[in-house]
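*Asks:* The residues making up each chain are set out below.
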Amino acid sequence: MNKFDNIKKIIVRKPLKLDCGVTISNYPLAYETYGKLNQKKDNAVMVFHALTGDQFASGKNPITNKDGWWSYVIGPNKALDTNKYFIISANVIGGCMGSYGPSSVDEKSGKKIGINFPVITINDMVNAQFNLLDHFDINKLFCVTGGSMGGMQVLQFVANYPDKSKIAIPIACSASHSAQNIAFNELGRQAIMADENWKNGNYELENISPSKGLSVARMAAHITYLSKKGLQEKFGRKLQERDKVKFGFDADFQIESYLRYQGSIFVDRFDANSYLYITRAMDYFDLSKNSNGNLSKVFKNTKTKFFIISFTSDWLYPTAENREIVIALNAINADVGFLEVKSDKGHDSFLLDVPDFLNALKNFVDNSHKK
Amino acid sequence: MKEEFKIIANSIQREKSILDVGCGDGELMKFIYENISKKIRGLEISKDNIQKCIQKGLTVIEGNAEIDLQQFPSNSFDYVILSQTLQAFLNPEKVISDLLRIGKTSIVTIPNFGFWKVRFNLLFKGTMPVTKTLPNEWYNTPNLHMCSIKDFVNFCNDRKINLFKSLALTNNKVSSINKFNLNFKNLTSELGIFLIEK
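Residue numbers (the working numbering), protein chains in the order written: chain X, 1 to 371; chain R, 1 to 198.
One chain only, chain X, in its complex shape (with noise of 0.2 Å):
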């Protein structure tokens, strides 16, 4: 039995144009809920992944049994109440846990997509994913969230979709990748395509895989989602138990043993294709490119409110990347509120137990849905 014929999917009939020119229809889409939705179905949230995360954003993701990558966020009581609220999550095309994506079967040959899988944009994520309304038969959400790329398709979603979301709250992510994250992400899928045994993408076909190249794709994106503080305090020179360094190359410090550590348990759960597809996707983004750089102009009929988060310690998606999105909407007078949060853990604060960001973004939602 395959290990994901137990998760929720749904089959998407609907024909559906990629940014590529590919048109695919007839695919599936993975996805997770928690919380009821209600009679007035005026309660349903729509939480989007980042990069590495998946559909199962709370309680005990059954593939991995860890905990889900928001488990501080959803829950009973939590910011996004479970008792109060029906969160959607779901897997982005281009994933590894159950959507269509480069480790799906293609029906006819029988054999893994791979490399054949057609490039996507965040663009062609939230159409996807936008069929789960349908399914659901909600006419508007009350709420698009998310963080780095999840913020990222809550952008593309309120400027795809003006009145389809009351409220939507991106948070620490940007409208337009910066060379410097186009950089870390090209030096991840080197990485990859580096391994020998990424076989120019066709690993699957002799059951093999570059996890040499993803585990270093991981280790160096690892770096970018702490800060320099965060490590510090955490590792500093601290020695991996042995009192002094052996004068060689094993992992004499910890945060090098750290490091390989979240390499090695990186590749048991994610695809390598798929690193290389949806980083491309966040590659790609680039919201005000067909307004000529006028990000205004990409909401200038939304009717949502926002509210935008920012960390103080996250370099890889600056409070300066995120105000760019406040002065758009501020421009065009839209119903903006943002706050950046004081943390030292860097972009992956928003995952983390943060107090000021959890309470922050409770208020915000419990506020917005009394009214």
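Source of the hints: derived by calculation from the structure; they are not laboratory data. Hints should not be assumed to be uniformly reliable.
Unchecked claim - Within a straight-line C-alpha distance of at most 25 Å, the following computed BS3-like cross-link-like pairs (lysine-lysine) qualify:
(1) 179/R with 198/R
(2) 305/X with 38/R
(3) 370/X with 39/R
(4) 39/R with 305/X
(5) 370/X with 52/R
(6) 47/R with 362/X
(7) 38/R with 140/X
(8) 342/X with 56/R
(9) 56/R with 38/R
(10) 300/X with 104/R
(11) 104/R with 303/X
(12) 362/X with 39/R
(13) 198/R with 104/R
(14) 303/X with 56/R
(15) 166/X with 16/R
(16) 39/R with 297/X
(17) 300/X with 38/R
(18) 56/R with 370/X
(19) 52/R with 362/X
(20) 164/X with 39/R
(21) 371/X with 39/R
(22) 166/X with 52/R
(23) 371/X with 56/R
(24) 47/R with 342/X
(25) 30/R with 371/X
(26) 84/X with 36/X
(27) 140/X with 39/R
(28) 303/X with 16/R
(29) 52/R with 132/R
(30) 305/X with 52/R
(31) 30/R with 305/X
(32) 229/X with 47/R
(33) 38/R with 371/X
(34) 112/X with 199/X
(35) 39/R with 166/X
(36) 38/R with 166/X
(37) 244/X with 229/X
Said to hold, decoys possible - Every beta carbon over 10 Å from chain X, so not counted as near; a handful from chain R, in silico:
(38) 4
(39) 14
(40) 16
Owing to the predicted nature of the structure, the values given are computational and were not obtained by experimental measurement. Here a beta-carbon is modelled for each residue, glycine too, at the ideal position from N, C-alpha and C.
Position chain R relative to chain X; hints supplied.
*Replies:* Relative to the frame of chain X, chain R by itself:
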């Protein structure tokens, strides 16, 4: 609620749009939101105060008025409020010009440095004034550009800013300021409240 806030709130017409610059913990915003107009937003520099505003269900943007007012489009609000903050800016002149640009009407209040108790402090005690509206010592005050009611009136006149309503507040009593009683009000008022337009 502070008498000053009541006067500000009473100056605002129903269902008009309002930007409260330096909205603090949102006390005035909340009153206006609940009683006068739902179309109110705030700009605030303190993270703690923003948390309090969010708790009250208010829409607030974290920012520094001296930098972030620039991003607001011209004539985008019916009213812009600046309550007892003008004196804390590096460049109050620039802030006032932004207020006039953004709002059709701006409501500016200032702690009056011409108030007799302030003058008394400096004249007889020879120390920097500490009063109810100016509670800080010289070494920890956020105020950089103190002015008196008369200074502010002159400032507006020099720049042809339409100062169409001037009120004085002392001991919770409000009175009008005009060109005949200006010197007197400048001596006897703790706070000046001004409605200005381009």
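*Asks:* Of the numbered hints stated earlier in the document, which are not met by this structure?
*Replies:* Hints that this structure does not satisfy do not exist here, as all of them hold.
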